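Trainee: Spelled out from the first residue to the last, the chains are:
There are 8 protein chains.
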Amino acid sequence: QRLGFPEVIYGEGKTAEQILNIMNRLSEYTDRILATRVDAEKGAYVLSQFPEAQYDEVGRTLTWRKHPVTEATGLYGKAAVVCAGTSDLPVASEAAATAAIMGCEVIRIHDVGVAGIHRLFAKLDQIREADVIIVVAGMEGALASVLGGLVDKPMIAVPTSIGYGAHYEGLAALLSMLNSCAPGVTVVNIDNGFGAGYAAATILRNRGNVQP
Amino acid sequence: QRLGFPEVIYGEGKTAEQILNIMNRLSEYTDRILATRVDAEKGAYVLSQFPEAQYDEVGRTLTWRKHPVTEATGLYGKAAVVCAGTSDLPVASEAAATAAIMGCEVIRIHDVGVAGIHRLFAKLDQIREADVIIVVAGMEGALASVLGGLVDKPMIAVPTSIGYGAHYEGLAALLSMLNSCAPGVTVVNIDNGFGAGYAAATILRNRGNVQP
Amino acid sequence: QRLGFPEVIYGEGKTAEQILNIMNRLSEYTDRILATRVDAEKGAYVLSQFPEAQYDEVGRTLTWRKHPVTEATGLYGKAAVVCAGTSDLPVASEAAATAAIMGCEVIRIHDVGVAGIHRLFAKLDQIREADVIIVVAGMEGALASVLGGLVDKPMIAVPTSIGYGAHYEGLAALLSMLNSCAPGVTVVNIDNGFGAGYAAATILRNRGNVQP
Amino acid sequence: QRLGFPEVIYGEGKTAEQILNIMNRLSEYTDRILATRVDAEKGAYVLSQFPEAQYDEVGRTLTWRKHPVTEATGLYGKAAVVCAGTSDLPVASEAAATAAIMGCEVIRIHDVGVAGIHRLFAKLDQIREADVIIVVAGMEGALASVLGGLVDKPMIAVPTSIGYGAHYEGLAALLSMLNSCAPGVTVVNIDNGFGAGYAAATILRNRGNVQP
Amino acid sequence: QRLGFPEVIYGEGKTAEQILNIMNRLSEYTDRILATRVDAEKGAYVLSQFPEAQYDEVGRTLTWRKHPVTEATGLYGKAAVVCAGTSDLPVASEAAATAAIMGCEVIRIHDVGVAGIHRLFAKLDQIREADVIIVVAGMEGALASVLGGLVDKPMIAVPTSIGYGAHYEGLAALLSMLNSCAPGVTVVNIDNGFGAGYAAATILRNRGNVQP
Amino acid sequence: QRLGFPEVIYGEGKTAEQILNIMNRLSEYTDRILATRVDAEKGAYVLSQFPEAQYDEVGRTLTWRKHPVTEATGLYGKAAVVCAGTSDLPVASEAAATAAIMGCEVIRIHDVGVAGIHRLFAKLDQIREADVIIVVAGMEGALASVLGGLVDKPMIAVPTSIGYGAHYEGLAALLSMLNSCAPGVTVVNIDNGFGAGYAAATILRNRGNVQP
Amino acid sequence: QRLGFPEVIYGEGKTAEQILNIMNRLSEYTDRILATRVDAEKGAYVLSQFPEAQYDEVGRTLTWRKHPVTEATGLYGKAAVVCAGTSDLPVASEAAATAAIMGCEVIRIHDVGVAGIHRLFAKLDQIREADVIIVVAGMEGALASVLGGLVDKPMIAVPTSIGYGAHYEGLAALLSMLNSCAPGVTVVNIDNGFGAGYAAATILRNRGNVQP
Amino acid sequence: QRLGFPEVIYGEGKTAEQILNIMNRLSEYTDRILATRVDAEKGAYVLSQFPEAQYDEVGRTLTWRKHPVTEATGLYGKAAVVCAGTSDLPVASEAAATAAIMGCEVIRIHDVGVAGIHRLFAKLDQIREADVIIVVAGMEGALASVLGGLVDKPMIAVPTSIGYGAHYEGLAALLSMLNSCAPGVTVVNIDNGFGAGYAAATILRNRGNVQP
Ligand SMILES: Nc1ncnc2c1ncn2[C@@H]1O[C@H](COP(=O)(O)O)[C@@H](O)[C@H]1O
Ligand SMILES: Nc1ncnc2c1ncn2[C@@H]1O[C@H](COP(=O)(O)O)[C@@H](O)[C@H]1O
Ligand SMILES: Nc1ncnc2c1ncn2[C@@H]1O[C@H](COP(=O)(O)O)[C@@H](O)[C@H]1O
Ligand SMILES: Nc1ncnc2c1ncn2[C@@H]1O[C@H](COP(=O)(O)O)[C@@H](O)[C@H]1O
Ligand SMILES: [Mg+2]
Ligand SMILES: [Mg+2]
Ligand SMILES: [Mg+2]
Ligand SMILES: [Mg+2]
Ligand SMILES: [Mg+2]
Ligand SMILES: [Mg+2]
Ligand SMILES: [Mg+2]
Ligand SMILES: [Mg+2]
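Protein chains in written order, with our numbering: chain A, 14 to 225; chain B, 14 to 225; chain C, 14 to 225; chain D, 14 to 225; chain E, 14 to 225; chain F, 14 to 225; chain G, 14 to 225; chain H, 14 to 225.
No lab work stands behind these hints, which were simulated from the structure alone.
All figures in this text were calculated on a predicted structure; none of them were measured in a lab.
It is possible that some hints are incorrect.
Said to hold, decoys possible - Heads up, incomplete: computed chain A residues facing chain C, CB under 8 Å, no partners named:
1. Y42
2. H80
3. G178
4. A179
Every residue, glycine too, gets a C-beta built ideally from N, C-alpha and C.
Model the full assembly from the supplied sequences, consistent with the hints where possible.
Mentor: Shown next, in the form of C-alpha cells:
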C-alpha cells in the first residue's frame with residue numbers, strides 16, 4: 014500500500030458484515046480507510062461495531078483515520094467541489110470525502126446552477142482560490158463549460174445521472190462535458206465522485222507540498 | 014397556399030435546373046419563395062436565370078419576394094438569432110433567412126460563446142429587446158441554458174453538428190438542449206435552422222401585428 | 014423572483030415534509046407556487062397541512078395561488094393541450110397545470126389519436142381557436158405532424174414514454190417529433206409537460222396582454 | 014427455382030459485367046429476372062448488351078421478362094405503393110418494380126405527405142381499392158400511421174433514410190413505424206423497397222388467384 | 014366500429030375495474046372483445062364479474078365472443094404461430110389469441126428452435142399448410158430467416174425481449190429480423206404479439222373468404 | 014518473436030513503401046510474414062519489389078513464407094472457413110490466409126446461406142471434418158446459429174458489415190452472434206477475419222500436433 | 014442427446030418445481046445435468062428433493078453427475094478461469110461449473126486485476142499451464158488484452174455487467190474485448206459464463222483425449 | 014487574453030488564407046499562437062507566408078512563439094505523452110504540441126502497447142519521472158488502465174478513433190477509459206489531443222513554478 018493513500022472499499026454489493034471485516038483487517042496496517050457506496054443501513058451497522066469511523070449519509074461514505082488532521086501536519090492544497098443543487102449532493106459529497114481523506118483541504122459550493130448564473134458569479138472569487146476544481150452536474154452539465162471558461166485551474170467534471178427522459182441516466186451530461194467549449198476540462202464516469210476526488214488529490218499531492 | 018407564408022423548396026438532392034423550374038412556377042401565384050440547402054454552384058446558376066432572387070452563400074438559401082419590405086408594411090416583431098462562432102453561422106443564417114422572409118425583423122448576434130461569457134453579457138440588452146430568441150449552438154450547446162436563464166422570452170434552440178468525437182454529429186448538443194436546466198427552452202432538429210426560423214415567425218405572426 | 018412567474022418545486026426525490034417546508038417559505042413572498050412530480054401520498058400529506066393548495070392526482074402537481082383568477086384580471090391567451098389517450102394524460106395535465114398557473118387560459122382535448130383521425134378533425138375548430146398548442150404524444154408521436162400540418166399556431170410537442178419495445182422509453186416519439194415534416198414544430202424533453210407549459214406561457218406572456 | 018418467382022440479383026458491389034453475366038446465365042432457365050441497386054452507369058452498360066431488359070433510373074432496377082404480361086394471363090391482385098414526395102421515389106420504385114415482376118398490378122400514389130393531409134384524403138378511394146398497401150416514408154414516417162388508421166388492408170411500411178440530423182439515416186422513421194398506433198402495420202428494413210414488394214406479392218400470390 | 018373487428022383494450026396500466034367497465038360497455042354493441050396485457054390477478058377479477066369471457070394466463074389475454082364460432086360460420090384461413098421454446102410462449106399466445114378472435118383458424122407450433130433444426134424440419138409440412146405464418150423468436154431471432162427461406166407464405170416476425178446482456182431487451186432479435194436474408198419477412202415491434210396477430214388476420218380477411 | 018507465429022502488419026493507413034520496408038526488415042529474422050488490409054494498388058507495388066510474396070486481391074492480404082509448406086512438415090489441423098455469399102468473401106479470405114500462414118490446413122465453403130438451407134446441408138459432412146470452424150456472415154448472421162447447432166466443433170463467428178439500413182455496419186450480425194441460441198459460439202469484432210483466423214490457429218496449435 | 018454432453022437447463026424464469034421436474038426426467042437417460050441461473054431459494058428446494066445434485070450459490074448452478082469423476086476416467090484438458098475480483102465471481106463460477114461438468118479440469122484464479130498488475134504476473138506460470146483460458150472481467154475489461162498479450166493459448170473473454178454509469182451494463186467491457194489489441198481473443202455475450210465454459214470444453218474435447 | 018496562454022485557432026473548416034490572417038492579427042499582441050487540425054496543404058501555404066511559424070505534419074499543428082524557449086526562462090514541469098503505436102501519433106503529437114507551447118517540457122513515449130507489455134515496463138522509470146501523464150490509445154484503450162495502476166501521477170487519457178467495426182470511431186476506447194479500474198484516470202473527448210495537452214499544462218502551471 015502506498016504511503017498516504019487510503020485503502021478504498023467499494024461498498025456496492027458487499028454486506029455490512031463484509032465491509033466491517035475488511036475495515037478491521039485494513040486498520041491494522043494502514044492509517045486511513047475510505048468505503049464508498051455504503052447505504053444508511055450498512056453505515057449504521059458498521060458504526061455500531063467500529064465507532065471510530067465516520068459515516069456521511071449524503072455521500073454514502075465511511076471514513077476512518079488513525080491520526081487526526083491538524084493544521085500542523087499541513088494539507089496538500091485546496092480542492093473546490095462545486096455543484097448546482099441538492100440532487101447532485103450525493104456525488105459531490107463522495108468527491109469531497111475522497112479528496113479530504115487523501116489530504117486535500119476541501120471547500121464546498123452548491124446552489125450555483127447555470128439557470129441562475131448570478132449565484133455562480135457571487136461565488137467566483139471563492140472558487141478561484143482553490144488549486145483544483147471538481148464540477149458536479151446533471152441535467153445538461155453546462156456548469157462545467159461556464160466555470161471552465163471563467164477559471165484557469167485544473168478542472169475535473171463529474172456528470173451525474175440526475176435528469177430524466179433524453180438524459181439517459183447521465184449520458185446527456187457526459188457528452189456535454191466531453192464536448193465542453195472551455196478547453197482543458199477533463200471528465201470522469203457518470204456519478205463517479207470517487208474518481209474525481211482521487212484525481213484532484215493526485216494533482217495536489219504531486220505539487221511537492223507537505224504531507225497531512 | 015397560406016397568405017404571407019413562403020413557398021419553401023428543400024434544395025438537397027434537387028438539381029439547379031429543378032430548383033429553377035419550381036421557382037419559376039411558384040413565382041406566378043405566390044409573393045415570396047424560400048429555397049434552403051442550395052450550394053454555391055446551384056445558387057449561381059439559379060441567379061443567372063432568375064436574377065430577382067437573392068442568394069446567401071453562408072446560409073445556402075435562395076429567397077425571392079414580389080414586393081419589397083418597407084417600413085410602412087410593417088413587420089411582425091423582432092427575432093434575435095444568437096450563436097457562438099463562425100462554425101455555426103450556416104445554420105444561424107438559414108434560421109435568419111427563414112424568419113426574415115416570413116415577416117420578422119431579424120437581429121444577428123454571433124461570437125458570444127459560453128467559454129468567454131463576458132462577450133455574451135455585453136450583448137444581453139440587445140438580445141432582451143427581441144420578441145423571440147433563436148439560439149444556435151454546437152459543441153455542448155450550453156449557450157441555450159445560459160441564455161435561457163437570463164432572458165424571459167420564447168426561446169428556440171438549434172443544436173448543430175459542429176463538433177467531433179463524442180459529439181456524434183450534434184447528438185451531444187441536442188441532448189444538452191433537451192435537458193436544459195433553464196425552463197421553457199424548446200428544441201428543433203440538429204442543423205434545422207429553417208425549422209427554428211419558421212417556429213419563431215409563427216410565434217410572432219400570431220401576436221396580432223400588421224402584416225409586412 | 015420575476016413578477017407573475019410561479020416558484021417551481023421539482024418534487025421528485027423530495028420528501029412530503031421538504032415540499033411542505035419550501036411551500037410554506039415561498040408563500041410568504043410569492044403569489045403563486047407550482048410543485049411537479051408529487052405522488053399521491055405526498056400530495057395528500059401536503060394538502061393536510063397546507064389546505065389552500067390544490068392537488069391534481071393525474072398530473073401529480075400541487076398548485077397554490079394567493080389571489081383567485083377572475084375574468085376581470087384577464088389571462089394572457091389561450092393554450093390548447095392536445096393528446097391522444099388516457100396514457101398521455103399525466104404529462105398533458107402537468108403541461109396544463111403549468112400553463113394555467115402562469116396565466117394562460119387552458120383548453121384540454123384528449124382522445125384524438127392518429128389511428129382514428131376523424132375524432133381529431135371533429136375537434137379542429139376548437140384547437141384552431143387557441144393561441145398556442147401543446148401536443149402530447151407517445152407511441153410514434155405522429156399526432157404532432159398531423160396537427161402541425163393543419164394549424165398555423167405556435168406548437169410545442171412533448172414526446173411521452175408511453176410505448177414498449179422499440180419505443181425505448183420515448184425515444185421513438187422524440188425522434189419522430191424532431192423530424193416532423195410539418196414545419197415549425199418545436200420539441201421538449203420526453204415527459205416534460207412542465208417545460209412545454211412553461212414555453213407556451215412564455216409565448217403568450219410576451220404578446221403584450223393584460224396580466225392575470 | 015420456384016415457379017413464377019423472379020431470380021433476384023443484388024447489384025450493390027457487383028460490376029456491370031458481373032450483373033450482365035448473371036443475367037445471361039439466368040435467362041436460360043428462368044422466365045423473369047430482377048436486379049436491384051443498379052446505378053445509371055451500370056444500367057446503361059447492361060442495356061447495351063442485353064437490350065430486352067428494362068432499366069428504371071429512379072428505382073435503380075433492371076427487369077427482364079421472357080413473356081409479356083397480358084391481361085389474359087391475369088395478375089395476382091393490386092398493390093398500392095404510396096409515398097410522400099420525390100425524395101422517397103427511389104425506394105418506392107424499387108418496391109413497385111419488385112411487386113410488378115412478381116405478378117402484381119401496381120398503382121403508384123405520391124405527393125401525399127402528412128403535412129398536407131387533404132392531398133392524402135383526395136387519394137383515399139384509390140388506395141382503398143388495392144389489395145395490399147406499401148407505404149414508403151422518411152422523415153418521421155407518420156404516413157404509415159395515418160394511412161394505417163384509414164384503411165383495413167394489409168400494410169407494409171418501408172422507412173427511408175431521407176432526413177438529416179436526429180433522423181439517424183432512417184432510424185427515426187423505422188422506430189416510428191414499429192410503434193405505429195395503427196394496429197397491424199408491418200415493417201421492413203430501412204430503404205428496403207425490394208423486401209416490401211416481395212412481401213406484398215407473397216401476400217397476393219397466396220390468395221389463390223390466377224398466375225400472370 | 015368495423016364489422017367483424019374486435020374492440021381491443023390495452024390492459025397495461027388499467028385497473029381490473031377499468032377493464033371490466035370497458036368490457037361491459039363494449040359488450041352492448043360489439044360482438045367480440047379482446048383485452049391484452051392483463052395479468053393473472055386482474056384476469057381473475059374480471060372473470061369473476063364477467064364469467065362469459067375467457068382468460069389465457071400465458072398470453073395474458075381476455076377474450077369474449079357473443080356468438081360461438083361454428084364450422085358453419087367459416088373461418089378466414091389458417092395462421093400458424095411458430096416459436097422456439099417456452100420463454101416466447103407469452104408473446105406467441107398473444108398473437109394466437111388476436112388472430113383467432115379476428116376469425117382465423119390458428120395452429121400452434123413450439124419447440125422448434127434453430128439450435129436443434131431437425132425439430133423444425135419435422136414440423137415443416139404442418140407449417141406449410143398455413144396461409145400466413147407468425148414467427149416469434151427472442152435470442153438472435155434466426156428462426157425467422159430459416160423458416161422464411163423454407164416457406165413461400167406471408168410471414169410476420171415478432172422479436173421478443175427474451176435474452177440478456179447484448180440482447181438489449183429484444184434489439185438483437187429485432188435487428189436480426191429486419192436484416193433477414195430471406196426475402197419478404199416483415200416485422201412488428203418487440204413483444205408485439207397483438208400486432209402480428211392483427212396483421213395476419215388482416216391478410217386473411219382480405220382474401221375474400223366467408224366471414225366467421 | 015514467437016516461433017512459428019507470423020509477424021503481422023496492419024496495412025490500413027500505411028503506404029506501400031512503408032509496408033515494403035517493414036517486410037524487408039522482418040524477412041531477415043522471421044520465417045513468415047502476413048500483411049492485412051492491403052489494397053490492390055499497394056499490393057501490386059509491394060509484389061513488384063518483393064516478388065517472393067503472394068498477394069490475394071479478395072482478402073487483401075500479402076503473405077510470405079521462407080520455407081514452402083510440404084506435407085512432410087505437417088499441419089496443425091484443419092480449419093473450415095464458411096460463408097454465405099460473395100459479399101462476405103473478403104473477410105472470409107482474410108481469415109483463411111491468417112489460419113493458413115499460422116500452419117492450418119484450410120478448407121473453404123461458400124454459398125451456403127441460411128435462406129437456401131439445403132445448400133448448407135449438402136456441405137455438412139465436409140464441414141464436420143474440420144477441427145475448428147470459422148463462420149463469416151453479414152445480414153442477420155443466422156448462419157452461425159444454424160451451423161452451431163449442427164456441429165460440435167469449436168466455432169468462431171465473424172460478423173461482417175455487409176448489409177444496409179438497420180444493419181448498422183455489422184451491428185445486427187454482431188448482436189445476433191453474441192446471442193446465438195447454439196451454445197459455445199464465440200465471436201470476434203466486425204470484419205475481423207484476421208482475429209478469427211488467429212484464434213482458430215491458436216486452438217489447433219495447442220493440440221500438440223507437429224509443426225508445419 | 015450427444016454423448017458426454019450435459020443436458021442444460023436455463024433456470025431463469027423457471028420455477029423450482031419446473032427445474033426439479035426437468036432434472037428428474039433428464040436423469041433417467043443422461044449421465045450429467047447442468048442448470049444455470051438458479052437462485053439460492055430455488056437451489057435449496059431442488060436440493061431438498063434431489064439430494065444427489067450439487068448447488069453452487071456463487072455461480073447459481075445446479076449440477077448432477079451419475080458417475081463420479083475419477084482420475085482413471087481422465088479429463089479432456091485444463092481450463093483456467095481468470096477474473097479480477099469478487100464482483101465477477103458469479104460469472105466466473107458459472108463458466109467453471111460448465112467447463113467442469115463437460116469434462117475439463119478447471120483451475121480458478123481471481124484477484125488479478127489490471128490496476129495491480131503484479132498480482133497477475135505472480136500467477137502467470139500457473140495460467141500458462143492451462144490448455145484454454147477463460148477471462149472474466151467487468152469495468153473496462155482490460156484484463157483480456159493484458160493476458161492475451163502474455164499467453165499463447167486459446168482465450169475466451171466474458172465481459173460482465175459489473176460497473177456503473179457509462180459502463181452500460183457490460184457494453185464497455187464487451188466493446189473493449191471485441192477491440193482487444195491482443196490477437197485471437199474471442200468473446201461471448203455479457204455475463205455468459207455458460208457460453209464461455211461450453212466453448213472452452215468444446216475446444217478441449219476436440220483434441221482427441223480420453224473421455225472423463 | 015490571459016498571460017502565457019496561447020491563442021488557439023481551430024483549423025478545421027478554415028481556409029489557409031483565413032488561418033494566415035488570424036495568425037497575422039494575433040501575432041501583433043500575443044506572444045504565442047497554436048493552430049490545430051491544419052492539414053499539410055494548408056500548413057505549407059501558411060509557412061510560405063509566415064515563415065517564423067513551425068508546422069508539424071503528423072500532429073497537424075502550426076505553432077509560433079515570439080520569444081524562443083531557453084532553459085533560463087524555465088518550464089512549468091514535465092509532461093509525458095504516451096501511446097501504443099504509429100496510428101495514435103497524430104493525436105499524441107497534437108497533445109504534445111499543445112503542452113509544449115503552454116510551457117511544459119514534453120517527453121514522448123510510443124510503441125508501448127498493452128499486447129507487448131514488456132516494452133511498457135522498459136519505459137516505466139522514464140514515465141514516472143514526469144509530473145503529469147497523457148495516455149493516448151485507440152482500440153480497447155487498455156493502456157490507460159495498465160499505466161494508471163503503475164504510476165501515481167495525474168493522468169489524462171485520450172481515446173482515439175483508431176479501430177474498426179465495433180470500435181465505433183473511438184467509443185470503445187472512450188467507454189473503456191471512463192470505466193478504468195485504475196482510480197483517478199480522467200478523460201477528454203475522442204481524438205482531443207489539444208484538450209489533453211491543455212489540461213496537462215493547466216495542472217503544471219498551477220504548481221507555482223517559474224514561467225517559461
Ligand atoms: N465509488 C467508486 N466508483 C468507482 N470505483 C470505486 C469506487 N469506490 C471504490 N472504487 C474502486 O474500487 C476498488 C475497491 O474495490 P473492491 O476491492 O471491490 O472493494 C478501489 O481500489 C477503487 O479503485
Ligand atoms: N417536471 C419538471 N421537469 C423538468 N424540470 C422541472 C420540472 N418541475 C420543475 N422543474 C424545474 O426544476 C426547478 C426546481 O428544482 P428544485 O429546486 O430541485 O425544486 C424549477 O425551477 C424548474 O425549472
Ligand atoms: N434491394 C435489396 N435489398 C435487400 N435484399 C436484396 C435486394 N435485392 C436483392 N436482395 C436479396 O439478395 C439476394 C441476391 O443476392 P446476390 O446473390 O448477392 O445477388 C436475393 O435473393 C434477394 O433476397
Ligand atoms: N446461462 C446461460 N446463458 C445462455 N444460455 C444458456 C444458459 N444456460 C443454459 N443456456 C442455454 O439454454 C438451453 C436450455 O434452455 P431451456 O430449454 O429454456 O432450459 C441450453 O441448451 C443452453 O444452450
Ligand atoms: Mg478553464
Ligand atoms: Mg428563459
Ligand atoms: Mg403548423
Ligand atoms: Mg389499418
Ligand atoms: Mg419465404
Ligand atoms: Mg455447436
Ligand atoms: Mg494471446
Ligand atoms: Mg495511477
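Trainee: Can we keep the Y42/A interface hint, with Cβ of chain C closer than 8 Å?
Mentor: violated (40 Å)
Trainee: Quick check on A179/A please, does its C-beta sit within 8 Å of some C-beta on chain C?
Mentor: Interface hint status for A179/A: holds (5 Å vs cutoff 8 Å).
Trainee: Does H80/A pass the interface hint, meaning its C-beta sits closer than 8 Å to a C-beta of chain C?
Mentor: violated (37 Å)
Trainee: Would you settle whether the hint for G178/A is holds or violated, based on the nearest Cβ-Cβ distance to chain C being less than 8 Å?
Mentor: holds (3 Å)
Checked against the numbered hints given earlier, the structure breaks hints 1, 2 and satisfies all the rest.
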